[in-house]
Amino acid sequence: MTTLLIHLWVSLAVAAPPTGLTVEPPPHNGGLNLDLSWELPEDDGGAVSGYAVLRATDEAGPYVLVADALPAGTHTFRDKVTTDPRVDPLLDTYWYRIVSLELGAAPFVPADPDTPDPEAHASWMLSSFAATAPVVGQPRAVWINTRLGWLHLMALIGVVGGLMLYYARRAQQGEEIFIRRIPGIDAIEEGIGRATEMGRPVLYVPGIDELQDIQTIASMLILGQVSETVAEYQADLIVSCCIPIVREVADEVVKAGFYQAGHPDAYNPADVRFISSEQFAFTAGTNGIIHREKPATNLYLGRFFAESLILAETGFVNRSIQIAGTAEATQLPFFVAACDYTLIGEELFAVSAYLSRDPRLVSSLKASDFIKIYVVVCLLLGTLLNTLGYTYLVQLFTLGEGG
Amino acid sequence: MSERLSERLRSVLATDCGSTTTKAILIELVDGEYRQTWRGEAPTTVEAPFEDVTRGVLNAAQEIQELSGRKLLRDDGGGILTPEQDGSAGVDAYISTSSAGGGLQVVVGGVVRSMSAESAMRAALGAGAIVMDTFATNDKRQAHEQIERIRQLRPDMILLAGGVDGGTRKHVVSMAERIRAARPRTRLGGGYNLPIIFAGNDEVRDDIEALLAGVSALEIVDNVRPVMETENLDPARDKIHDLFMEHVMAQAPGYAKLMGWANAPIMPTPGAVGLIMQTIARRRGINVLGVDIGGATTDVFSVFDGHFNRTVSANLGMSYSVSNVLAEAGLPMILRWVPFALDEKGLRNRIGNKMIRPTTIPETLEELKVEQAIAREALRLAFLQHREFAVGLKGVQKQRTIADAFRQIGDDSLVQMMKLDLLVGSGGVLSHAPRRVQSMRMMIDAFAPEGITELAVDSIFMMPHLGVLSTVQEDAATQVFERDCMIYLGTCVAPRGEQRPGRKVLRVQLSLPDGATVDEELSDGELRLWPCGADTPATATLTPLQGRLDVGAGPGRAFEGKLRGGEVGIVIDTRGRPIVVPDDPTVRVPKLESWVRDLGEYPDGET
Amino acid sequence: MAAIFTPGLKVSEHTVLVKDRRLPIEGEVLVEVGQQVGADEIVARTELPGKIYPVNVANQLAIDPGRLGEAMIKAVGDSVAQGDVVARSPGLFGLFKSEATAPVSGTIESISTITGQVIYQAAPIPVEVDAYIRGRVIEVIEGEGCVIQAAATLIQGIFGLGGEVKAELAMAVEAPADVLDVSAITPELAGKIAVGGSYATLEGIQAAIKHGLAGIVTGGFDYDEIKELLGYEVGVAITGGEDLGLTLIVTEGFGKIQMAPATFALLSKKAGSRASINGATQIRAGVIRPEVVVTFDDEQMPADRIDPGEPRGIAIGDEVRGIRAPWFGRLGEVTDLPVEPVVLGSGSPARVMEVRFEDGTVARIPRANVEVIEQ
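Chains as they are written, first to last, in the working numbering: chain A, 1 to 403; chain B, 404 to 1010; chain C, 1011 to 1385.
Hints were generated in silico from the structure; no laboratory data involved. Bear in mind the structure is a predicted one, so any value in this text is a computation, not a measurement. Do not rely on the hints blindly, as some may be mistaken.
Reference excerpt, derived from the structure (chain B facing chain A, CB under 10 Å, subset only) [as the list claims (entries may be wrong)]:
(1) Arg516
(2) Asn541
(3) Lys543
(4) Gly570
(5) Val575
(6) Met631
(7) Gln800
(8) Val990
(9) Pro993
Built from N, CA and C at the ideal position, the CB exists for glycine as well.
Generate coordinates for the entire structure from the input sequences, incorporating the hints supplied.
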């Protein structure tokens, strides 16, 4: 008996249990998880082939097995204490023990191989291997993620919101908020004036994409301003559309613009035209308009593809003032080559704020400019620091577990 | 006629019939050079009780006759004795300008405000007119408001433009319809139809004729904007001059007689000033900016790279309009130039009293300083208006490269101070300042010249006379302009660019005609003067001490060359552009005092 | 070179006043030469063209402007009532016809087949001109108006706001140096013209407007107050059309400045009489001064009245008033007229005069800075 006991003690002493077990609720969680972490015993990877996690609702037990055969080297584990609190009510405290599994130990043989019995399994483990002393853990909901990346993001959102309010307030108080001059936008009114003097129409093409595309939406906003100016000048406007729904919306927008300018009588629905939803049929149709009606000014604002150069070249040959704007990077070179002015990328989205000087639009423009500057600075600095081996800035922008 | 005249002009009598004074000058050929030798003036006699402009002309000529001993008046009282008889009697030519009776008042109409309407306005202003109002399709007024306004105005003539040749028809016709509906009447009343000049789309001439010929004296000239890319102002401008003679002048008392005396057409005064400016700029190949500040209005003229522009700031002046300067600039802007504390309410009343009693003059030094502070703001505001107006043509198709796509053009005014060579001031407050340095300082403060700029004042407002003379004999006009008309004040040197406060800005090395040399480093915010006569220029090396400052040779580059002196000398201004005047009175007053002291603006012991 | 003086303001008890009464546009004159007219009598009448209403009828009917002629039911010059159908489109096979109606009652001014616009002119607005002063018609300008002459007391001011008003003169202060403030404005002054002294306070003027006074005549008031009263600044001294609620006449200038004793005495003498006042001021070519006019019968004109005739120069012994700081508003007597120009404190040379002021101070001041008080 003594020999047996000694033998048992020796065998227990071979695979020492982990030490320093702590059980904490993880940062930012809904209160159903507990994070366990422990320090590896000396013979981890040697005699100790892995770990098992046992949990009980009381210090004395009974323990159940929640994770088996975690590989050697594992020192953390996140335990979901209950999968559904309605079925399995959440308790205030849970007790944990970690078992060091021994290399070459005989497997547990359950009484009934068909029904797993975590409780029996756990008690077998406790009797077969060395385990830590029970450690208590209290699940607790932590709603705010205090991880650096998230805090940083929150701060940025706060700053942007604050800046928007700040600029909106300043703009509403009548202060002139500086917006960098965009010659292409200034040229829109000039182009309409030119058309007026020459007695020719202004042609507006809002791209060929669907209405829900952000560029088309931006284009519709600009069309509102353009039609208001056209009405004020009592010039003629032709809108050439590729998508039926875009035509319907453009029609409403133009009508509203003419009303706004106080010339509802000058509005003519026949000037907002649906050409074709086929890309090149549309292009050919619009080219026809340029040839026949000889607009003095062509505005191409929206999402364009292969038709960009075809339209712009035709307009150039027609000696029109042409102002294009698209966020489609592949088409920009063609527009730059063939048009008088080109709104590049983001400028397209700024037009509305630029023209209307509406405090709300202007303030969001200013605030997003600020963020852009910040991001560019961080990008440059981060590249440099990361190259030198400092990852601080990278962590600032890391939201997940990595980094 | 002028062909014949120019061959053998030995002497010229020129008059300018202003609204209060008629000024006459005598120009003679002295040792092969034209010089202005005598002058005289007399009250203008357009209004009751005389109602004959020639009375004033004869009085002014009489004064010259008495002073010079040259017989100028015909014995029969029939005007000026021409041509020159034998070196001591008569003159070869008599010429005149006129702004009596409020000058030439024109209403302008066009299609787009910044395009054809602006071209028409430029034509009218260039002809020397006062533009009472400008109508355009997009002037934010409803048609009935425009009609009401045209009815109220009583112009001397209307200039209607609009549409390029072959361009819009409906806009031009609708403008003409509005004019017709308003049935405008002339200012002077009388039995003649209002002259209307049509200088628009050549394809709508028939429509315009059908609409307006019956109700007005319609004249049709070439389009001021035949295509979007170019302006053609001369036909309209010449027609305005013709009509000014035919209709407007002919109605004014005594002018018919005066026109008979004159050997060249009588011009509106500002039109003549514009001519001489253009002549000088062309002949010397320089950019010129001129200003004439009067009691009621301030005229600004500029010739930059051959582009002539004129603006009239109708309500910026030193007497009748002085309260308006206060209203537009605001009291703080005026007070920032005053180196002592003032009771604000008292100052407003004083300015109000100047408005209702416009002929008074400043008696004390303090009054003078306040008056000059107001002048600075009047000039500055008039210049701002001019800069805004003097821009390139709008609505022009451009050939642009990829580099242009990213370019930021901040300022498209033709008036770029860095390129300015000569700044000429005239008008009482500038021409008659007790010390010339005060005029120079006022002009520097108001216009903020950049780089190297010569400054001058027109001594006795001779520019109108010389303008007409330039149509007869250009050489004579330019010779007199250089020798007798301009009083050169000196040169202003002002670095442009961002200055770091409290740091050294400019190293100045001068070798002055009297043998003295200067080698100093100037700090930010200084205003310094080195006297230097007009006859021999100073040699200068000006080295910016901060990388981005530009004195005219390019950012950070040193300027080496000659600087022209004058009655004042060479002024170096390191106050930055725009000129920084501290807001805090405890800082501002000592700063102003130091500038005044360094320039010696006011008598000793006074600041 | 002759010195040009600011013509002094006329303050004259007995003068012959001639007034032009003209219509803004041609009309009908209702009086004859020699006729006696009362101040409120209408002397001329006309109708001002009504407002203009352009409407694009071609677009309303959705037709080409060139076809507007066929569609119009009314022609140029026809009178229409608001809501009348003026044009009807032919429509398609007699269907889809549309109509355009007149937006205002008036006449059709023009029909454009180029722009498609029809211009309506609203009914004319009658305009009448009254005599303004009681007197005799001495001339009729056919179609324009008439000239009225009357024996009158005339007091010119230097600056005014508001137009013509006819009402009884009443003294609101006792001495020319008194200030006209709220306490001086009593309900009895309603409908009358109150005469103040050296200064009218903003509160005083506001109270006067509230109590329905017809006008105020004062020595001075603050330039600032114009903005307070009108809501805008008067930058150029061309006034008369202000909508102030009363007519304000300043006899001396801006600031607190005692009304000239002669002016005050004359106004006191005429208190209780009906006066015609006008605030219209124009200080530029064709000077217009604000004025207080009290007419009387020709027979009351003293026989020994001397017509002042042409304005003369200035002479030693003349009574003058300083019109610029530092002597602004001070009264004095010319004691010397040196010929040679003198260099002023400002550094400019100018011709001056020596003046002994009421308090005994003697000063040399520029001739341009004084005003002769005409008798």
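With a cut-off of 10 Å on the beta carbons, see whether Pro993/B makes it to chain A. 31 Å, violated
Checklist line | When the least beta-carbon distance from Val990/B to chain A is tested against 10 Å, hint result | finding: 25 Å, violated
Hint validation: Asn541/B versus chain A, beta carbon distance must be below 10 Å. Holds or violated? It holds, given that the least Cβ distance between Asn541/B and chain A is near 5 Å, below 10 Å.
Is the hint on Arg516/B kept, meaning its closest Cβ partner in chain A is under 10 Å away?
8 Å, holds
Holds or violated: Val575/B as interface residue toward chain A, Cβ cutoff 10 Å? 9 Å, holds
Exercise. For the hint on Gln800/B, does the least C-beta distance to chain A fall short of 10 Å?
Worked result: Status holds, d = 5 Å.
Hint check: 10 Å Cβ-Cβ cutoff, Gly570/B to chain A:
Where the cut-off is 10 Å and the nearest Cβ of chain A is about 4 Å from Gly570/B, the hint holds.
Hint validity - Met631/B Cβ closer than 10 Å to any chain A Cβ: 6 Å, holds
- Minimum beta-carbon distance criterion (10 Å), Lys543/B to chain A: 8 Å, holds
The structure does not agree with the numbered hints 8, 9 stated previously, though it agrees with the rest.
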